[in-house]
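Place chain B on chain A using the hints.
Order-wise, the sequence lines are chains A and B. Taking full-length UniProt numbering, I'd label the letters of the first sequence as residues 1 to 470. Taking full-length UniProt numbering, I'd label the letters of the second sequence as residues 1 to 470.
Because the hints were derived from the structure by calculation, they are not lab data. Heads up, some of the hints might be wrong.
Copies of the same chain are indistinguishable here, so a pair counts whether it falls within one copy or spans any two.
[Stated by the list, open to error] Keeping only pairs whose Cα atoms sit at most 25 Å apart, straight-line, the calculated BS3-like set for lysine-lysine is:
no. : residue 1 : residue 2
1   : K41       : K255
2   : K255      : K75
3   : K441      : K100
Spelled out from the first residue to the last, the chains are:
Number of protein chains: 2
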Amino acid sequence: MKEEFTLTGLFTDLYELSMAEAYFLGGKHEELAVFDYFFRKLPFEGGYAVFAGSGTLLTALEDLRFQPRELDYLKGLGFNKSFLKYLRNFKFRGNVYAPKEGTLIFPTEPVIRVEGGILESQLIETLLLNIINFQSLIATKASRMRLAAKDRYLVDFGLRRAQGLGGYHAARAAIVGGFDASSNTKAALDFGLHAVGTMAHSFVQSFDDEISAFRDFASKRPNNCTLLVDTYDTLHSGIPNAITVAQEMEAMGKKLAGIRLDSGDLAYLSKEARKMLDMAGLYYVKITASNQLDEQVIKSLLEQGAPIDVFGVGTSLVTAPPDAAFDGVYKLAYAYGKPRIKISENLKKVTLPGKKQTFRVVQKNGTLLGADVVGFHEEIHFDKMVHPFDPMQQLSFSDVEFEPVMQAVMKQGEIISEQISLEEAQINLKNQLKQLPDEYKRFENPHVYKVGLSEQLHQQRLEIKERFKK
Amino acid sequence: MKEEFTLTGLFTDLYELSMAEAYFLGGKHEELAVFDYFFRKLPFEGGYAVFAGSGTLLTALEDLRFQPRELDYLKGLGFNKSFLKYLRNFKFRGNVYAPKEGTLIFPTEPVIRVEGGILESQLIETLLLNIINFQSLIATKASRMRLAAKDRYLVDFGLRRAQGLGGYHAARAAIVGGFDASSNTKAALDFGLHAVGTMAHSFVQSFDDEISAFRDFASKRPNNCTLLVDTYDTLHSGIPNAITVAQEMEAMGKKLAGIRLDSGDLAYLSKEARKMLDMAGLYYVKITASNQLDEQVIKSLLEQGAPIDVFGVGTSLVTAPPDAAFDGVYKLAYAYGKPRIKISENLKKVTLPGKKQTFRVVQKNGTLLGADVVGFHEEIHFDKMVHPFDPMQQLSFSDVEFEPVMQAVMKQGEIISEQISLEEAQINLKNQLKQLPDEYKRFENPHVYKVGLSEQLHQQRLEIKERFKK
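Isolated chain A, as found in the complex (with noise of 0.2 Å):
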């Protein structure tokens, strides 16, 4: 797996360079700094979100340098000569703990910490979250998909409407949320996915006449043929020319994969075209949809009994609408010895001081009570959690287990286990969503997943807010 897009050290906004100076100049750059990576809102109405990304995000850290383009770059930008040395022997040392890819996720909640020098752990924060934020949201928007779409098989067809080279790593993303394949040929090559193509309209047209154009195509991909019925016309002229096809196929011992529909009522036309098919004896052909599917649309064709193998999802899973992007933020949570805060009138933007861990709990029988606690990282056990907004709620805990989410991932700069696998990434996430109850896996205003604060967190918060006030 080689990624081609190397992330170098000016992907980042301008500010985290001025503030690296300062620091540098500062002198005590090198100091311990912990941050925390969270969000505040799931995307789509949904019940709960899905990490993806930390595998990209990691070969970008222990790759991160800046070259010496763009250190002249800086220099012509009139950054100090002496923070450009440093610079140039740049190299990211810090530690980093993340869950697994394909863990769920949920609001408040600290989902990556690093530590590290304050310099190199602030340096990185567009670069986790631009990497996190966007593989984070695709892959909840494609389990959304995966569940509506039960076992039906999955493709990626976004690369053509995707925001730009965001394409690359949307089809990864789309596999740690269930999906089977992608269109998308360097992503499946860079990140071992299974590529899947059919035809185009345009490859029809420029016969003739249909069949001719199926002819053609069948004669050349007879192991691995998928006929696009819909440039004419699908229930008089496509479906029959490509049984006619798939017959003279048979006679010479071969087999047409598929048909695909791209327009009109997808849930009448699947019926009518497996009748047709069926008809024929031609019960091996899948039927393939594409156009403009989302989540409802896919979950709405399969209540209405429509026979489709494969939905190919194009922009809608690549580009999230309409969210479009997760708002997950990267915030300072010690520095100097010190926990930090970021006071607000508004308790919900008031930050969580200290090294943290959320605990994610479990009953007995393996379900998931429906709450995660954030605790410091050394802790082990609660009795109760406390609401971060509304202290007067609380929560208590008996004859359940709490396990960590996070875990390290990163030790000073070196990726410290293998990475699992999209695949394993995957069966992360399926496992997960077994033992998440149903309410909080619904479209339509799902339970809402509890996150609160253990009691020694809140008591810190509360001190550190106070001694602020004053």
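This is chain B only, laid out in the frame that chain A set:
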């Protein structure tokens, strides 16, 4: 200008390669084909869209090659050996016709025309769509923000919430649409943008008190210092501390560049901030505002008289919700010596045959009439145009001029003229928006810009469609 991310041959949907192989094995892969890029629906319920990305596209087309590693991969997928040999020496040698970046574009009309061998013109489909769809989406969004912001300074702050690597070209397209600068440092270097940045809350938090953080930052960046004033309490701590530091800077002959508001009621806070700064004689200190801005919020802030000098726009600019995608498509119009169309029961989806040009109708006084005619590329004058979906509707012209929208930009695979700079693209858009009456620019229910067909084109489409019916 050197783009960092190389788009190689495999940056495509697999089906482009399957079709290319079929064309190659058929031996007619070099026969002339013509493809049109066009879109069907304006994003954001707006009255116009902005063309962007051709600079990126043309460079990508000139450089498009298949790497040995990619060819090995295709071999593993079972592609034909002689076809892979052909791909090893592949270079795009077609002609491309496109508008200048920053040109207004409208639904249905051809925006780019590609002429070349059918294999090569088909093969670039995904690449072209990926680049042009995304950059045109962002340029359109940016131009709406520019209209709302009038003459205020607009900065792209979006990289952290961008769709992964998509943030790179989003920064580029934002400039075409009217932005002044970007925090995205890599994009600034590669595209020659003005890079800007301030400080984060974490920098302020890392000090024991706010004023120490401000003093430290000001001492290290005396010539370009913008202080973030909302970490603790904007009106009672942030702004008073910034004023103190500004006065200390004045005593040393320096000037504080600005303050930044990143939360709360930006209209109220900016007015209070301006008053407090002015009372201290700090008329020159600029006010930057950020935090979930979009064109509607910017418009509302200026209507309320908010004295904001700089808007930092993130998520909404670079991911362009709620649409998040531009629905451009790439359709075959001519192949093997014949004009081609895609038939559909829905006349809206019947494509336009032949080698075409889009003509903009300009009145004698220079104002746009609000109509474009799609005709054959050799046409020069039109007495009227025909509605593309409802032939009974026609529009007659008198006393107007017809300006071709697409120009030759690539000949046999080589860029034939220096691309205009992003600044020139921005000026091009500015001039075009001046020519466009206000009714097409408003956000709510804008006038519908008309696109029609020349009589010749209308007739030819009708004839081909009738022929297919038989």
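Tested hints:
1. K41 to K255: Classified as neither: same-chain Cα gap 48 Å, cross-chain 39 Å, threshold 25 Å.
2. K255 to K75: So K255 and K75 pass the 25 Å test across copies only (22 Å; inside, 63 Å).
3. K441 to K100: Within one copy, since 20 Å is at most 25 Å while 48 Å is not.
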